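Peer 1: Here's the letter readout for the chains.
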Amino acid sequence: MTVLTRDTVELRGGRAQVVFRTGEGPPLVWLHAADGVDEGHPLVRELAQRHAVVAPLAPGFADLEELDDVRDIHELAMHYEDVIHALGLEGATVVGHSFGAMIAAELAAHYPGRVRELVLIAPVGLWRDDEPVTDIFAVPLPELPRVLYADPAFFPPAPGDGEVAPPDIEVLVSLARGMTSVAKFMWPIPDRGLGRRLHRIEARTLVVFGAEDAVVPSSYAEDFVARIADATAVVVPGAGHMVPVERPHEVLAAIDAFLAASPV
Amino acid sequence: MKFHWFHLMPYPYLPDGFREKYPSVWVDLPVKELYDPELGHHVYHEYLDELEFADQVGFDGICVNEHHSNGYGLMPSPNLMAAALARRTRNAKLVVMGNSVALYNPPIRVAEEMAMLDVISGGRVVTGFPVGTPMDTAFAYSQNPATLRERYREGVELILRAWREETPFAFNGTYTQMRYVNPWPRPIQQPHPPIWIPGGGSVETWDWCAQQGFLYAYLSFLGYEFARQTMDGFWEAVERNGLEPNPYRAGFNQFVGVADSDAEAEDLYSEAALYFFNRCLHIPPVYLNPPGYTSIATIRKSIPSMMKAGALMSASSLTWKDIVERGYVIAGSVDTVVDRLTELSDTLRIGHLMVQLHFGNLPKDSVLYNTQRFAAEVIPRLRPRFAEWEDHWWPKDTLAEPANPAPLPDTAPVP
Chain L
164 MTVLTRDTVE LRGGRAQVVF RTGEGPPLVW LHAADGVDEG HPLVRELAQR
214 HAVVAPLAPG FADLEELDDV RDIHELAMHY EDVIHALGLE GATVVGHSFG
264 AMIAAELAAH YPGRVRELVL IAPVGLWRDD EPVTDIFAVP LPELPRVLYA
314 DPAFFPPAPG DGEVAPPDIE VLVSLARGMT SVAKFMWPIP DRGLGRRLHR
364 IEARTLVVFG AEDAVVPSSY AEDFVARIAD ATAVVVPGAG HMVPVERPHE
414 VLAAIDAFLA ASPV
Chain G
7 MKFHWFHLMP YPYLPDGFRE KYPSVWVDLP VKELYDPELG HHVYHEYLDE
57 LEFADQVGFD GICVNEHHSN GYGLMPSPNL MAAALARRTR NAKLVVMGNS
107 VALYNPPIRV AEEMAMLDVI SGGRVVTGFP VGTPMDTAFA YSQNPATLRE
157 RYREGVELIL RAWREETPFA FNGTYTQMRY VNPWPRPIQQ PHPPIWIPGG
207 GSVETWDWCA QQGFLYAYLS FLGYEFARQT MDGFWEAVER NGLEPNPYRA
257 GFNQFVGVAD SDAEAEDLYS EAALYFFNRC LHIPPVYLNP PGYTSIATIR
307 KSIPSMMKAG ALMSASSLTW KDIVERGYVI AGSVDTVVDR LTELSDTLRI
357 GHLMVQLHFG NLPKDSVLYN TQRFAAEVIP RLRPRFAEWE DHWWPKDTLA
407 EPANPAPLPD TAPVP
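As given, the protein sequences belong to chains L and G, one line each in that order.
Numbered as in my numbering, the first sequence ends at 427 without a single skipped number.
Numbered as in my numbering, the second sequence ends at 421 without a single skipped number.
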């Protein structure tokens, strides 16, 4: 189990930002998806073996009132620039998954100088009518694992005959906070104009998709690569939208190779 | 006590086996496949006839409401229905339980249309400002549920300022910016018609209604026993804010079927009521809970009852016995109905009762029968309740001698 330490940094204007840290080595910023930051996350655990992973918690995840300070996608990009500044990580390596990858791409597009290497894992943020992104907010909760994962090993066991345990209110509250935060920037269509800004990204970029991603089809990898000046893509077979959970070693190997090729 | 005739205007031709064939009555129910506009023509006219009949037999108000992309309620614009009703009704107040303020851009449109209706109807409008169901707002209209309530509150503030301010003004809101707010016409009722807030049980709405002096109308189809927790929460908010517990602060809606006997009620009403509960309320949970629509405070307070409601509604199929025993429908002889409504108004402290005497696919003859018997035999026995309280949530400036639609001459007179 990775040990995450939690502390709070002060941003410009005095706002507080929750940051989780784990591991040692060259710094790497991890921008989480709708599932938040979790000690059991297999890719974060692997990254921490060779990096000082710094994982800021997205606005709203700790307290929905934080969202009042972040009205739209541009203010979200500004918020993350404040975070990078407060952490002293200008020119960092930024790795994001799903919603977090959208934020990473927006940060790198709004502030091209702040991100040196960018890894976008199953990023949302683009939209094509011929292959629309799935509306995850309309997927019934019991069916969600089958949309998020391609590998049946990650599907929950079929419900038994026993009494169904009542839901834990704190779990529901935490889920509601996270999903509300994500919805603010993804509802009803997770396209806030990123496609019109991708050309501004100067960071070397790696795009990673699960070949069987049922949320953002892996064909979107080509759209990211085509619009970002210096980008390559890796598509991991047998994995879905949760590719960093389903295939952490393959994703890690791709990131390692990508970072190793970085010019000194 | 006051009595309002509430129409949902469901589509009455949803096919048998509906629950098995279609995942939802709302949002993605295919209109080309299921809605026949020629049938719809007759449906709208019958529904308007029913509301107009309710005026004729003496209901205090007739209620319309707003829903989108569904077979549950065919009034995407309640204002159009109210406009149609304004000319053929004389006495009943037009209780517009829409408009879902956050869906209008700019929301000043609502101030304009309500004022038009109030002027046309001679000051008979009651203005409802619902947030709107999650299906209507977050899904059918794609409003962001994370900001919906903030947008809604801001819209209500803009509309009320537009009616209250003496001179044109500028409004610099988060969601609406207007350099010139000056809607014409202004309502007959000054500064504005009574404000009713139809709610679904959000805790923050209770204090807001109490503090703003709005009527709180709890719209549930699950009967008064289920509603008790919500209405207790509202009355606690009234007390917390140091206000008198005037029953006319509150409204509630209830399905009612009046007949000679409980057995006749089942004959007359069970099929239509079950049509409503088993088809019109066929909504998957995912559409009921978009993230952010329900506040954290409401989640904490209401999870057990929400879970219970969800389980009740998602039961594979309800029977007449289920819905009568649980109080979803109050049906039976006049005595039965009076007894149950007495208990309801005592339990919930409701001065304004909205009754649904049409439900599901109930034929027009049965609707008129139900309406006439309710007006003639039930209302008189309940009318004196709460007579000691003054109703501050009801139109006061209604014109004593409103214009009537003039007879149309065969040819224009020579001026």
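Keep in mind that the hints were calculated from the coordinates and are not lab data.
Since this is a predicted model, take the numbers as computed values, not measurements.
Beta carbons: idealized from backbone N, C-alpha and C, even for Gly.
Wrong hints could be hidden among the right ones.
As the list claims (entries may be wrong) - Stretch by stretch, here's where chain L covers chain G in the computed footprint (C-beta under 8 Å, at least three residues):
1. 184-194
2. 278-292
3. 300-313
Peer 1: Now look at each hint and say whether the structure bears it out.
Peer 2: Right, here's what the structure says about each hint:
no. : hint    : result
1   : 184-194 : violated (count 0)
2   : 278-292 : holds (count 3)
3   : 300-313 : holds (count 6)
In summary, the structure is inconsistent with hint 1 from the numbered list given earlier, while agreeing with all the others.
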